[in-house]
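I would like the entire structure built from these sequences, with the hints used as guidance.
Number of protein chains: 2
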Amino acid sequence: MPIFLDRGPKPLSIVGVEDGSFNLRGPGKTTLLVSVLMRSGIIEDMRARDIVIDGLDATKKLDEMLRTLDFDLIMLAGVSYAGFNLIDPISLYETFRKPIIIISRRRPNNIAVKEALRRHFKDWKIRWTIVEKLGPIYEVESMPGETKIYVELIGIDLDAAIITIRETAICCRIPEPIRVARLIARGLTKQRRRHKI
Amino acid sequence: MPIFLDRGPKPLSIVGVEDGSFNLRGPGKTTLLVSVLMRSGIIEDMRARDIVIDGLDATKKLDEMLRTLDFDLIMLAGVSYAGFNLIDPISLYETFRKPIIIISRRRPNNIAVKEALRRHFKDWKIRWTIVEKLGPIYEVESMPGETKIYVELIGIDLDAAIITIRETAICCRIPEPIRVARLIARGLTKQRRRHKI
Chain A
1489 MPIFLDRGPK PLSIVGVEDG SFNLRGPGKT TLLVSVLMRS GIIEDMRARD IVIDGLDATK
1549 KLDEMLRTLD FDLIMLAGVS YAGFNLIDPI SLYETFRKPI IIISRRRPNN IAVKEALRRH
1609 FKDWKIRWTI VEKLGPIYEV ESMPGETKIY VELIGIDLDA AIITIRETAI CCRIPEPIRV
1669 ARLIARGLTK QRRRHKI
Chain B
1489 MPIFLDRGPK PLSIVGVEDG SFNLRGPGKT TLLVSVLMRS GIIEDMRARD IVIDGLDATK
1549 KLDEMLRTLD FDLIMLAGVS YAGFNLIDPI SLYETFRKPI IIISRRRPNN IAVKEALRRH
1609 FKDWKIRWTI VEKLGPIYEV ESMPGETKIY VELIGIDLDA AIITIRETAI CCRIPEPIRV
1669 ARLIARGLTK QRRRHKI
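Here the protein sequences come in this chain order: A and B. Take the first sequence: its position 2, counted from the start at 1, is 1490 in the working numbering, and no numbers get skipped. Take the second sequence: its position 182, counted from the start at 1, is 1670 in the working numbering, and no numbers get skipped.
Treat the hints as calculated values from the structure; they're not laboratory data. C-beta atoms are modelled at their ideal positions from N, C-alpha and C, and glycine is treated no differently. Possibly wrong hints are sitting among the right ones.
What the hints assert, rightly or not - Label pairs and their in silico Cβ distance ranges: (1) A/G1516 <-> B/Y1638: 45 to 51 Å; (2) A/R1682 <-> B/R1654: 50 to 56 Å; (3) B/R1681 <-> A/E1603: 38 to 44 Å; (4) B/I1614 <-> A/D1611: 53 to 59 Å; (5) B/R1682 <-> A/T1635: 21 to 27 Å; (6) A/R1654 <-> B/I1658: 19 to 25 Å; (7) A/G1633 <-> B/A1600: 52 to 58 Å; (8) A/S1528 <-> B/K1678: 23 to 29 Å; (9) A/T1556 <-> B/T1635: 27 to 33 Å; (10) A/G1633 <-> B/R1681: 43 to 49 Å; (11) A/R1607 <-> B/F1609: 58 to 64 Å.
Structure follows, in structure tokens:
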């Protein structure tokens, strides 16, 4: 796959994507999908949309969120959002032609994912195609001495990805754009449930 | 007024408070009040509540948001939120015993505020008491060469306030906790209006 990472003199602007929490599964239930744009540890933009729990609208929603944003690289927190609402990184890559780093706190277990999809979804094959297409899983030490993270890559080689991950993992092993997106998404959904904002 | 700023070896944790945007005034209309907790340029917490446009619930809402938060200092973006929904910094100070820095992009014009309150609100006297109690307005160069900001202080002296403001104005003349709170609040309300999140 071609690589579209242009490391000019300017620091990279990186979009991190995370989802909010939720209590209940059920038809029509939603949670938030949040994107945060950061450059050199500074937040430059923040967007949010509702996505359906176990739905299949996350790719489309993220696509809409990113269309008017100027960025160099996407960091996803895995591909499953709001339960099993999968974000298709290949589709994002084809649209935006920007490298994507998929980051997981634990080693992704695709066999378990396939089983769960088969068990719970009639349309499991559509969902499985998204997971199946992903490349190899790399173990990366994002911060010296911290537990490693797991990384899947699209449109970027491992060396460049490691540099980017280490530059952005400034306060814990999770790169800042994802850490901040999670903090905002979880903060908002928790308070939305409690205070109906 | 006593000063409760404990500058230990640990960097200060500062809460920045800002509001979202809104289109229409009208009964029951709301926008967001967002608080962001930052320490050394790192976001550690983010909270949000709805507040009524031109209402008087902002102080109470902020009070609730901060009660379970551990912080050293509050930065307010003025005292008028969601139109003329005033946050009473003296009341916050009495509750939390933490210094408050009120920051304004333009020089606050309290005579104009009084006139507007008188013209638009039957309860203008309650609102005016909040503004009236504020101390002198200082002009501060938060970032070398940038337009100055205007500052009102509670429980902190000017020298300590200037140090704190300069330490936190890392990417523009507006200190980072307020800049980020605004970015999140405006980002969310804009998208809430457009996409009904």
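Hints, verified against the model:
A hinted range of 45 to 51 Å holds for the C-beta pair A/G1516 and B/Y1638, which are about 47 Å apart. In this structure, A/R1682 and B/R1654 break the distance hint of 50 to 56 Å, their C-beta atoms being roughly 36 Å apart. Checked against the hint of 38 to 44 Å, the pair B/R1681 and A/E1603 passes, with Cβ atoms roughly 42 Å apart. In this structure the hint that B/I1614 and A/D1611 lie 53 to 59 Å apart at CB holds, the actual value being about 57 Å.
Range check, B/R1682 to A/T1635: Cβ separation about 39 Å, and the 21 to 27 Å hint is violated. Here the CB-CB span from A/R1654 to B/I1658 is close to 21 Å, well matched to the stated 19 to 25 Å. Between A/G1633 and B/A1600, the C-beta spacing of about 56 Å keeps the proposed range 52 to 58 Å intact. A hinted range of 23 to 29 Å holds for the C-beta pair A/S1528 and B/K1678, which are about 24 Å apart.
In this structure the supplied range 27 to 33 Å holds for A/T1556 paired with B/T1635, their Cβ-Cβ distance being about 28 Å. In this structure, A/G1633 and B/R1681 meet the distance hint of 43 to 49 Å, their C-beta atoms being roughly 45 Å apart. Between A/R1607 and B/F1609 the beta carbon distance is about 59 Å. The supplied range of 58 to 64 Å therefore holds.
Hint compliance for this structure: hints 2 and 5 are broken, all remaining hints hold.
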